[in-house]
Structures are given as structure tokens and as C-alpha cells.
Amino acid sequence: MDEMGVMLCILGSVKVLVSKNDSRNYRGAGVKRTMVTAIKCISADGRSLLPMISWPATTHRSNWTTYPTPGWHYACSESGYTDSKIGLEWLKRVFDPQTKARAY
Numbered sequence: 001m002d003e004m005g006v007m008l009c010i011l012g013s014v015k016v017l018v019s020k021n022d023s024r025n026y027r028g029a030g031v032k033r034t035m036v037t038a039i040k041c042i043s044a045d046g047r048s049l050l051p052m053i054s055w056p057a058t059t060h061r062s063n064w065t066t067y068p069t070p071g072w073h074y075a076c077s078e079s080g081y082t083d084s085k086i087g088l089e090w091l092k093r094v095f096d097p098q099t100k101a102r103a104y
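Here the sequence shown stands for residues 1 to 104, where the numbers follow the UniProt record's numbering.
It should be emphasised that the hints constitute simulated quantities derived from the structure, not laboratory data. Be a bit skeptical, because a hint or two may be false.
Stated by the list, open to error - Cβ-Cβ distance ranges computed for the label pairs, FRET-style:
1. K85 / N21: 20 to 28 Å
2. T66 / Y104: 36 to 44 Å
3. Y104 / T69: 29 to 37 Å
4. Y104 / E78: 33 to 41 Å
Unchecked claim - Result set (DSSO-like, lysine-lysine): computed pairs, CA atoms no more than 27 Å apart in a straight line:
5. K100 / K40
6. K40 / K85
7. K100 / K85
8. K92 / K40
Virtual Cβ for every residue (Gly too), placed ideally from N, Cα, C.
Kindly produce the complete structure, drawing on both the sequences and the hints.
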């Protein structure tokens, strides 16, 4: 099991194409940075488990992902980092169900 932080950048405005001769001073788009954490696991034989993504929020919203992510698991914490509650949730919802059949 490994934990990795990822910084998301969300543009705060729309990009506009303008002529290079336009004398107005355009500034870069405002950017909002959000930190999320991914918990992932790859076994020694190369098999990987589906990830758990931890968002800095109180509830997860389905519109936070642009593309379908079947089987991925989501959790929320105030900071977006993994804590003991999210770690235990990962063990119960991800690790145990996906590795139980291979346990000796």
C-alpha cells in the first residue's frame, strides 16, 4: 500500500485567443489548487488493486470526475490527506475484498 498526494489545478476563468497586436494587458487565468490523496497497492506479482481517492471535503460529489472510473473508491477528509479512519475504510472496502480469494 502506498499513499501519494496529487495537486489538482482548476482554472478560474476561460482561455481566450487574442491577436498579438492587441494592446490590452491580459493576465493568466486564476488557478485554484486542491490537494487529493490516492491510496494504491501493487502486489509482488504485478497485480494492482483499484485505488481510493481522498478529497478535501465533507461529502463526495459525482461531478468531481470527468471520465468514468469504474470500481474506484472515494473518501473525504477535511485536509484531503489519509487518516486512520480512511486507512481502515480502505482495508475494508478495497484491500480485503480484492485479496481475500488469494489469501492462504
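Going down the list of hints, with the structure as the test:
Taking 20 to 28 Å as the suggested C-beta distance range, the pair K85 and N21 does not conform, at roughly 57 Å. The given range of 36 to 44 Å is respected by T66 and Y104, whose C-beta atoms sit roughly 40 Å from each other. Between Y104 and T69 the C-beta distance comes to about 31 Å, which sits within the given range of 29 to 37 Å. Range check, Y104 to E78: about 39 Å between beta-carbon atoms, so the 33 to 41 Å window is met.
With a C-alpha separation of about 17 Å, the suggested pair K100 and K40 falls inside the 27 Å cut-off, and the hint holds. Only pairs whose Cα atoms come within 27 Å are accepted, and K40 paired with K85 is accepted, the gap being roughly 16 Å. For the hint linking K100 to K85, the alpha-carbon distance of about 21 Å falls within 27 Å, and the restraint holds. Straight-line distance between C-alpha atoms of K92 and K40 comes to about 14 Å, which keeps the hinted pair within the 27 Å bound.
The structure does not agree with numbered hint 1 stated previously, though it agrees with all others.
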